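*Asks:* These are the residues of each chain, in order.
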Amino acid sequence: MVVSRTAGSKIADGIILIALLLMAFLCIAPLLHVAAISLSDSAKVSAGLVSFLPLGINFDSYIKIMNDSRFYEAFGISVQRVLLGGLINFVLCVLMAYPLSREKSEFKPRNLYMWFLIFTMMFSAGLVPTYITIKSLHLMDTIWALVLPGAVPVFNLILLVNFFRNLPKELDEAAYMDGAGPLYLLFYVYIPLSLPAIATITLFSIVGHWNSFFDGLIYMNYPENFPLQTYISQVVINIDPNNITNVNDVSALAAISNRTLSAAKIFLSMLPILLIYPFLQRYFITGITLGSVKE
Amino acid sequence: MKNNGFSTIYHLMLLPGIILLLIFSIYPMHGILMAFQDFNPAKGVWESELIGLDNFKYMFTLPDAKDVFVNTITISAMKLTANLLFALVFALMLNEIRQRFVKKSIQTVVYLPHFLSWVLVAGIFKDMFSLDGFINQIVSFLGFQEIMFFSSNTWFPAILVGSEVWKEFGFGAIVFLAALTGISPSLYEAAAIDGASRTRQLWHITLPSIASVIVLLAVLSLRSVLDAGFDQVFNMYNKLVYPSGDIIDTYVYRIGLVKLQFELATAVGLLKSVVSFILIIISYQLAYRFANYRIF
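Chains as they are written, first to last, in full-length UniProt numbering: chain A, 1 to 295; chain B, 1 to 296.
One chain only, chain B, in its complex shape (with noise of 0.2 Å):
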């Protein structure tokens, strides 16, 4: 090519937005120092007193540490079973579907809720799960004691996970939908001369077609493991249910901007970008070699 002149020009295209993200996301990585120190707020990061792996120590020790631990990742696991098995089944059953204007309605409809911010779907939830709410309306109506949904460390964590699949199966489906409109016609031609049924089809055709697909996202789902939703449950909880719904997100905020402990939050927080990192690296490599995935 006798195009190479151009590099200076393309520098420059680049340079804005790569000072901002010196700025934004580059800069701030030196605040990470304070997980490793003694932080004093009127030194300042670059003069208080490192004290090694301390905070890190502290944080082993905290009872509720472990619970919000353990929230964080039973809550996500359940979230992308959930969401990954209702956006495959509602992607198969659209793809049964040969009416045009049917299978856009539907489409447009079901993505919406994914548009629409946690705040105003946790507003909508508490509204309708609240004890006069509308559900409780039905719960009486069949017969059985109203439930207090969202103050119940049985219910919460199922509240949790019913919003999100609410809000984000349809949408989760555009992958699926995409790999099964890539399904050559003539595949399902040949199976039904030779007789096969529709549900052999779906086994035999559709299933295999799109089994890598459905590996990739199963996979890439790992490298999220520790973030169970931040904004979701942020908007949805109380103190009562921090037992079953507090996760490392809404914990770091509480005990770092809420109560002050920067270094303990900070602590917490690296904590948890290093084992993503780890689990991102991971799932890239397992995305790699088994349904050759790259990122660019």
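Next comes chain A alone, as it looks inside the complex (with noise of 0.2 Å):
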């Protein structure tokens, strides 16, 4: 490419270096204010002094996480969904996303099944008809009712379906001839081959269990079942609108909420996703624009 150098053009890459720079620090400063908040003196928190950096610095709301069972009863239980709803995920994902890359002389009900995937992901009964269904399968309060409903991630498995229609054939063609089976082929041609996309599917559904918190509200009668999500909805962040009457009491409330506490709490729960974020990013660019583009 020829790059101008001209001055007028200097200055405007400064001034859009910048502009990228203030953009990006948007997006990690409420961040970098929780954490701060998290580990500072609650009396500095309330005086407003604190922004991106801890003042007086304590461990005293971990201090008391740490012995809060019902924190790390609730981490327990997305630690669980994620692991279980993830691996659900990842297995009928593959499975079925090869049968649906076939070509159509291949395997003819192709279209059929996928219309009615599509279908299921459009058009779906509702609220209050999924809950009612999830109760009389007698589901309520089981991880059951938190992962099954979701078992295949349609749309998750229509990158993956695409990914698989973009391999060169020539791989089918010769796996055949020294006579591969279609589950031989799978695991050991188009998963290794597809690993991008496989990592970003992965990422999608792990994010997506652990970040989930209106299933674990509305499935769950005891609070003791409630995943980490729906536990901060409840504790930190929704202490029910409806007992909220006045503009007097929204403050009150504010007053008394313990900032630096629920700072943490905050904190702890979107930490497994800034650990395992880095490492699954590289993929997921490529992942998603290799499976949404076609020729």
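These are calculated hints, taken from the structure and not from any lab test.
Treat each hint with caution, since some may be false.
[What the hints assert, rightly or not] Using 25 Å as the maximum straight-line C-alpha spacing, the simulated BS3-like pairs for lysine-lysine come out as follows:
(1) Lys10/A x Lys103/B
(2) Lys169/A x Lys108/A
(3) Lys103/B x Lys135/A
(4) Lys10/A x Lys272/B
(5) Lys259/B x Lys239/B
(6) Lys135/A x Lys272/B
[What the hints assert, rightly or not] If you want the footprint, here are the derived chain B segments under chain A, 3+ residues with CB under 8 Å:
(7) 10-16
(8) 28-37
(9) 86-98
(10) 105-114
(11) 229-237
The structure presented is a predicted model; accordingly, all values stated were derived computationally and were not measured.
Yeah, the Cβ is synthetic: ideal placement off N, Cα and C, and Gly gets one too.
From these two lone chains plus the hints, build me the complex, please.
*Replies:* Here's what the structure looks like:
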């Protein structure tokens, strides 16, 4: 590429770079702020002195959380949910993507299945009928209510199908000649070649399971069965909006809530995402673009 | 092709997933009947009395139903426009950066908020925008009166749009960035030799090259006009901002699972699904016509 060397162009580059760095800073500033609050002295926090660096560093709120069995029970349920739900999503996605990526000449009902999947993705029964179904299946207060309704992530499945379809057809021919069946081909050829796509959809389903709070709220009758995000939404954020009736109550509520403790709970809840994200993010850009862009 | 003998294996590979979808997506659909019933939980869906469209008629007489519908459309229209604009501007600016390391680092940081849950984002924003929070420190430092952002009907929609843009603009830029890398460098070289400035290159090469992607995203966003973001609103709103912040999905949750008016909630939900379904069909038709896009 021809890079122009005029002074105006260099100034433009500088302005763009500064604007971008500012945008990037704005994206992490709130996270730094929460981390700083969680590590600061409460008095300094209420005085409004804490911005992005902790003042009067202490670990009081983290020590309090370590003695709060409700927090790590909820944490444990979320970990269970991610492992079980992520595994189910992964197995079903890979297993279903292979037959759906076949040519129509090779597997005739392919489009029939595909339309069925798209139908379930676009049209759902709605909140109340789904709730009643889960209830009548006696899944309330079990982990299955959290992992089975979303067992087939149709959107991720379509990404993977498109990725599989873009792999060279010659691979199939060669493998079939050598006597390999579909399962062999899937596990020894397709999966190893699709790691970016598989890493992407795995990241999506792990994050999805870790982040969802609403199913925990409606399908769990007892707070001790809440996954982490549901627990946080109840204890830190929502403190039942129906009980707040006037303006004075809102400020009263804000005053009594312990900001450093809430900040520590929020920070600990996002820590797993902050830890796995850097390792998986390098895959997901190729994963998304290759899976969604077609010839 | 001679390898037609695998159909049975293919059906078997699809079977577990299809069964789960039948149980959890298709079977609940009989519950939609409730929308046309005087539903009696003791009798269940199959035995309750059918009353035709009365639930829908009743819904249209409710004053809050109208507010909810208007809120849903305005909030999501503002979000869709703001997200598209910010993502586009960000992608165009990032595309001007030549240093690979700087580019990658900015991208990594900017995508991150997308992966945080609305529960946590709501927690963070509620703290920052609270009366003694960080933002109000700045507001009062600048000499203004502190603002109750989360209980003001003027500010609440702005908070919803702002936090949505904060969380999603970077991630939304991925598609634009992919389109931008597809532009042939020879176009820019030719333009530069002809003496085109960078602004002219932007107007005459970059924007026309990604115009179809912009149209595509704009058209596809039409399908989600009735989804104003349940997780976000649910975690951010309170009774004081119902007039400006209540949306269809939060309303369905409250009348259905909190007030246990199953048939009314199902009717509202069904109306939303039907309208959304029609919007999806329209948006895919438009996307196919204007951007040659197909789902699979």
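*Asks:* Which constraints among the numbered hints does this structure fail? Numbers only, ascending.
*Replies:* Hint check: 3 and 4 fail, others pass.
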